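Protein chains in written order, with the working numbering: chain D, 1 to 282; chain B, 1 to 290.
Calculated from the structure, these hints are not laboratory results.
Given the structure is predicted, the values throughout are model-derived calculations rather than measurements.
Treat the hints loosely; a few may be bogus.
Where chain B lies over chain D, by a calculated footprint (3+ residues, C-beta under 8 Å) [claimed, not checked]:
| no. | stretch |
| --- | --- |
| 1 | 84 to 94 |
| 2 | 248 to 261 |
Okay, derived cross-link-like pairs now, SDA-like style, lysine to any residue, Cα gap no bigger than 25 Å in a straight line [what the hints assert, rightly or not]:
| no. | chain 1 | residue 1 | chain 2 | residue 2 |
| --- | --- | --- | --- | --- |
| 3 | D | Lys95 | B | Gly33 |
| 4 | D | Lys35 | D | Ser216 |
| 5 | B | Lys134 | D | Ser247 |
| 6 | B | Lys134 | D | Ile28 |
We put the CB at the ideal spot given by N, CA and C, even for glycine.
Here is what each chain is made of, one letter per residue.
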Amino acid sequence: MNAITAEKSVLAFIGCVTFLIVALLFLILGIMFLKGLPSLHGGFLFEESKDFGRAGGVFYQLAGTLILMAGAVLWSLPVALGSVLFQTEYLRAEKFKTFLTQLTYILNATPTILFGLVGYLFFGVYMDTGVSWVTGSLILAVMILPTLQVSIREAVETLPEKYREAGMALGLSRATQIWRIILPQSFYGLVTGVLLGLARAAGETAAIMFTATTFSGIQFPQSFSDPVPTLQTHILVLAQEAANPESIAQAWGAGLVLLGLVFLLTLAAWSFRTRLVMESEL
Amino acid sequence: MKADFRRGGAWFAEPLVWVFAGMNFIFLGCAVGLGIFLVVESVPVLRAEGLGFWSGENWWERFGALPMICGSLIVTGMAVFLVLPVALSGALFTSEFLPPSFRRRVKGIMELLAGVPGIIYGLLGVSFLTTGIKHAFNLLDGNTLFTAGVLLAIMILPMVLTLSEDALHSVPSEFREAAESLGLTKLQTALRVVLPQSLPGIVGAVLLGTGRAMGETVAVLLVVGSLDRVPGFNLFVSGQTIPSKLGREAAEALGSGLHWSALMGLGLTLFLLVAVLTFSGNLFFRRSRQ
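Looking at chain D on its own, in the form it has when it is part of the complex (with noise of 0.2 Å):
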């Protein structure tokens, strides 16, 4: 008797922590949600902030947050696509591969903040692009590279082998199994990757906040030497205004549009997933 109820309680306990973690990711929504939506006036999204960030929207924020993302997408997905090819499709020696996969992981584990850092030296200075939104892309480019890998890998990985064989029967050259059947049938992989690869470039800071950003003052880029204003450095800047609540309302609102973005492409990457995972069960 004493046993049982000692591990009914151990459970309700465990049950409970587990709750608690599941409705964190409520008390997060809640918290944006009922800070965030009062600075959420019609124009929010439409209008340029006025008085360094007290007032006004967050249009151009926006648009640079959206700018870099689609940049870093443009110049990841050819490396990635290529790099996952080669290793899967043309490459034999084992241990190569083995060291490139491990190389995947451990860009994935890097500190973002020293894509920044080497990025800004490679890029901003030896390839001299200055602090701009060429130079934050690029950066931005080879963090998510690793994202990219991993779904398009997974995605070629799982086709079956079936598939390969029948193109083989045909006498299909391996350029044309890869054009005609391995790239049709793991398209669904390489959206995720990319959806997932925005995601994490949209929520990014650390690497692009002295790299290709600046406070205030620029509206779009007019050259491929300007900075842009984006959401991340935005919120990070008026976050260390605390005193000031109008600058913190405007933080609020814009992290609540930061992290829509964010949760809407992760939705988005799932909804693929999924008609992926069915496509490999037929």
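Chain D is fixed; fit chain B onto it per the hints.
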């Protein structure tokens, strides 16, 4: 028609291999180049300071990185210490006691939670955690190493939970059936059979979470207080971690000079710490899969 198609493929094949190889080379260059740059750029400061770079306590006159290294180790250690019991309870309950449909929902929520940007945690930390801790412990300033540790614990919780849950769940059900047929209760099975079996995977999960915590920049930067001194044994003082130091000073040191080299030296230190954690974490994962 078919023959044409095939010849088209063969014509296409040669350049394509080189394109793919080139892309792979770019990837290799990015990863290896990152390490090489960190080493090469920190040579000047290591030449100027020698081993004193890691043991010096003074950043302004001599570039000693000890305050930042201590801060990073303390904050990360605290986050792991706080997250371990919570994440393990959650993982055990999710894997062993929740029905599959709920399990999938919990995993989904964890994945969503893991995607919340660091800057959002920073904003929440600045607004609630610092004032909360200031009042709870009756401090003059809520921006302390303790605050950063708590915030980091919350940030790495979903990752540690979901990875250790994977490890628990991948223990074959034969083990559970055998244990229960011997008369063990479900909790005894979970604690004495499943948990020891999945230990390598759990250690791997914790190590990867530790690496993540060590590299987090903006959330820590906003709540840690940014004060360069060796904190001693008091957690309730302002401090500095390696990433927060980099975030604070990179903008003013951009480009060249010994200051920049010193920051790159800090970056190299951080990179080595995280690489060791990640590498051993992955080793444990591979052992758990065998």
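Hints versus structure:
1. 84 to 94: holds (count 6)
2. 248 to 261: Satisfied; 6 residues make the cut.
3. D:Lys95 / B:Gly33: holds (20 Å)
4. D:Lys35 / D:Ser216: At roughly 23 Å apart (the allowed maximum being 25 Å), Ser216 (chain D) and Lys35 (chain D) satisfy the hint.
5. B:Lys134 / D:Ser247: The hint holds at about 22 Å.
6. B:Lys134 / D:Ile28: Holds, at about 21 Å.
Of the numbered hints stated above, none is contradicted by the structure.
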